[in-house]
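Visitor: Here is how the chains run, residue by residue.
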Amino acid sequence: MIEFKLNGAIVSTDDAPDTPLLWVVRDTFKLKGSKFGCGAGLCGACTMHIDGAAIRTCLLPISSVAGRDVTTIEGLGTPENLHPLQAAWHELSVPQCGYCQSGQIMSAAALLADNPSPSAADVDTAMAGNICRCGCYGRIKEAILQVAGAALAYDAAAPAQETGA
Amino acid sequence: MSTVNVSRRGFLKSSGIVGGGLVVGFSLSGCGRAPLPIEPEAGGYVPNAFLQISPDNSIRFYCPRDEMGQGVTTGLATLIGEELDVDPAAFDVVFAGVHPDYNNPAMMVQNTGGSTSMKAHYLPLRQVGANTRAVLIEAAAIDLNLRADQLETDNRYIIANGSRYPYGKFVNTAARLQAPEAAPLKSTDDFHYINHTFPRIDAIAKATGTAEFGIDVDIPGMHHAVVRRSPVTGALVESVDTSAAKAMPGVTDVIEISSGVAVVAQKYWQAKQAAQKLEPVWQEVPLGRMDSASLRHDYEQLMAGEDGVVAADEGDIEAGLEAAHSTLEAQYWTPYLAHAPLEPMNAVLNIADGKAELWSGTQSSQAAQGLVARFSGIDPENITVHNTYMGGAFGRRGFLTHVIEVTEIATAVDKPIQLVWSREDDIRHGVYRPSSLMKIRAGINAQGNVTTWDAKRVGGNVGVDTLRSMLPGLFPGLGDGTINWMVGMADTTVRGWIADPTSIEGIFEDYDFENLKVTHTTVEHGLPLAFWRAVGHSYTSFAKESMMDELAIAAGVDPVEFRLTNTQNNPRLNNVIRIAGEAMREMQPAQGRYLGFAAHHSFATDVAEIAEVSIDNGKVRVHKVTCVVDCGIAVNPDVVRAQMEGSIMFGLTAALYGNLDLEGGAIRESNFHDYPILRMNEAPAVEVIIVDSGTEPTGVGEPGLPPIAPAVANAVFAATGQRLRSLPLKLQV
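Chains as they are written, first to last, in my numbering: chain A, 126 to 290; chain B, 968 to 1700.
In short, the hints are calculated from the structure, not lab data. Treat the hints with caution; some may be incorrect.
Once the Cα atoms are required to be at most 27 angstroms apart in a straight line, the calculated DSSO-like pairs of lysine-lysine come out as [claimed, not checked]: (1) A/K130 to A/K155; (2) B/K1213 to A/K155; (3) A/K155 to B/K1382; (4) B/K1591 to A/K155; (5) B/K1244 to B/K1213; (6) B/K1213 to A/K266; (7) B/K1586 to A/K266; (8) B/K1382 to B/K1244; (9) B/K1239 to B/K1213; (10) B/K1244 to B/K1322; (11) B/K1136 to B/K1153.
Predicted model, so just to flag it, every value in this text is computed and none were measured.
Construct the entire structure; sequences and hints are all you get.
Guide: In structure tokens form, the structure reads like this:
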């Protein structure tokens, strides 16, 4: 029995310890937003956050997430309560087929959590592990930079909360 | 005012029935009445096969075409919403079940492909919207005791004397009326939604992981299947020891099916692990003796030989050569390619009580239904097909061997089954864009006119393999013998009499060639072939536009001017070339960057592209692509831009990386490490210029692809002086 946190709730499974996290999330916990693309950590469609870091989960044994904090696309935002990246994805019509976009957004969210004001080159580097076969790269990049820019503008407009004094 | 002859097209002659009971549609194919695959909601009004309007004013749109990312749900909702006066984003869009009313008007079967959807539905779906709006107005006039001409509409509401009444208020009355067949359509000046940009209607679902793809379908009692197939296509199982696989946890069944050995387990990972324990021995087939070098040798021999079919013959090519100021001859190679959509092939099938239910994202629900019928013995009318969003298709999801497999498995094991292919299955056991060897001999005169164009292509024929793949599903009642005879006739015909149009399309049509000859020689080695985005144009454009560049440079003429000179009889392509040429003249590439130009007509659309490249450490780097497109009226200009962007990235992956090699008849590549896909850090910026020509819409999903490979190759020549005549492009170092 392996226990971990999934989108804020503690869950446990008796799936075999070598079962990849992706298949436990999809087949056992029935969360289908994270996708299977290559089974080899090459395409990023299965990206989730583990303790906040963007991780490919199609090869990651469930035993290695015992006691850890897993967030999937379902835990990031919902159609009624969109994450700012998801809102930008809609506004800029980023998706085509849409299959890779859960993974793209999870990678992007981890990037912005780590680096709230990335350069275009930072975005390229952080997103190079996520394949989009439809070729939506320009829009993905634009959406990330737009959200980062909006956050920057918001921070600049907000009164300083801490003076450090 | 343009209208369609609806009685001829057979659309819309349907009776509305409120509430439960049978929903009846009248098919356009003359097959008689078949019940529409529509579940009526309580009090819902179903005026035709495409709409259901509920008393709470929710409006469901039964989308007749399949969504593979091309934006067809947004586009078709826009067409019907424009005339019905409903914001496309307000529709509850569902994928239609199988019924002749949902046939693609361009194909007469229920298929999606060929960049046909906007063109084929532009008038028919608008007419459906207009007729339905008209009957709602008539019903409102009766209920409100007003004249129809006193009523207006505004996004799902009837406006009367300044008050707003939801469409849903009038469905009971509307259901008793006969909708008109040819209500007037809007003039283009009055469009609210068509030719306006707004977000795709599926973007929120796809950004939140809530869009359901075939692989996401989960039904009670579902078991998971994984299939081991022969590394060499077409080889059958000679023997297999299944004991180790059967002993694995969760495994319930191990069975032989026509394509290999299937392992069924309670969970996917269990099936996947158990399938590794199988050690099948495969029969030998002739393809097993082939490798890439021997295959290429066959192509070269046939190119040098005299065999072939003359596909076009105008004027006198020898006289044209004599009239030429300079002549060139060159040979071009393009390899086998896989589609590699990011969602691997999959299907869910439940067979119970003599009925079947299939869930799968396909480009032909009709063929999917027929294949389940053929391989289960269940009548098509007892088979429900639920289409889903497709995680990419690019032609791949018109070829449904996975539906055959899931039917064989579910029939044998008597359990609801989900079959999922791996990425390795997808690359190694799929259907392929054929490889092609093309030779062009051409001459130009002192005025820069092409005086002769003598083109030959050697390769396989997608059309024949498409028949082989589609006929069993589209005609489940036809016996295997009849189908084999038909496919054999088609094969004999294209080998000896008339070239398969998809084999040579695009190699000769665009320019004013006075003396022209096109020859085709078939060679097949047993790899199954498929439509792959832009089909024949995906490779002929490379030969044609490279040769046009070579000719211009040999004659010392500007390549854009040269193309303008030779498109005097092709004004729309000429206009696109002119606009792109003007944009190119304004460009001032940074030092070390070079421009290449190409143009191509495909799927009734004209596209020119300019690639800006540099050479970094012996590798081609594409920085920017400018794309000029004339696709008639852009139903949603932003979707058109997205399709040009996507086609360019898809074509760049092929131009820079795409290659499949054969070793002992097996595909050597297996996953994204050796079949790489362009990534964000390699993706160019793309600027799209849409020509506002105002004509009816033409193709969008594919025409952006053909020009990109030659545009890049031509830029590489400008940068290095190396003329690369093979894809993928590899510089000599």
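Visitor: For every hint, state whether the structure bears it out.
Guide: Going through the hints against the structure:
Taking the CA atoms of A/K130 and A/K155, the gap is about 15 angstroms. The hint holds against a cut of 27 angstroms. Pair hint B/K1213 plus A/K155 holds up; C-alpha atoms about 26 angstroms apart against a cutoff of 27 angstroms. Of the pairs offered as hints, the one joining A/K155 and B/K1382 holds, with about 19 angstroms between alpha carbons and a cut-off of 27 angstroms not exceeded. Proposed proximity of B/K1591 and A/K155 is contradicted: the alpha carbons are some 42 angstroms apart, above 27 angstroms.
Between B/K1244 and B/K1213 the alpha-carbon distance is near 9 angstroms, which keeps this suggested pair within the 27 angstroms criterion. A threshold of 27 angstroms between alpha carbons decides the hint, and for B/K1213 with A/K266 the separation of about 47 angstroms lies outside it, so the pair is violated. Only pairs whose Cα atoms come within 27 angstroms are accepted, and B/K1586 paired with A/K266 is accepted, the gap being roughly 24 angstroms. Proposed proximity of B/K1382 and B/K1244 is supported: the alpha carbons are some 22 angstroms apart, at most 27 angstroms.
In summary, the hint linking B/K1239 to B/K1213 is supported, as the alpha carbons are separated by about 12 angstroms, within the 27 angstroms threshold. With a C-alpha separation of about 34 angstroms, the suggested pairing of B/K1244 with B/K1322 is violated against the 27 angstroms cut-off. Simply put, B/K1136 and B/K1153 have alpha-carbon atoms about 24 angstroms apart, close enough for the 27 angstroms limit, and the pair holds.
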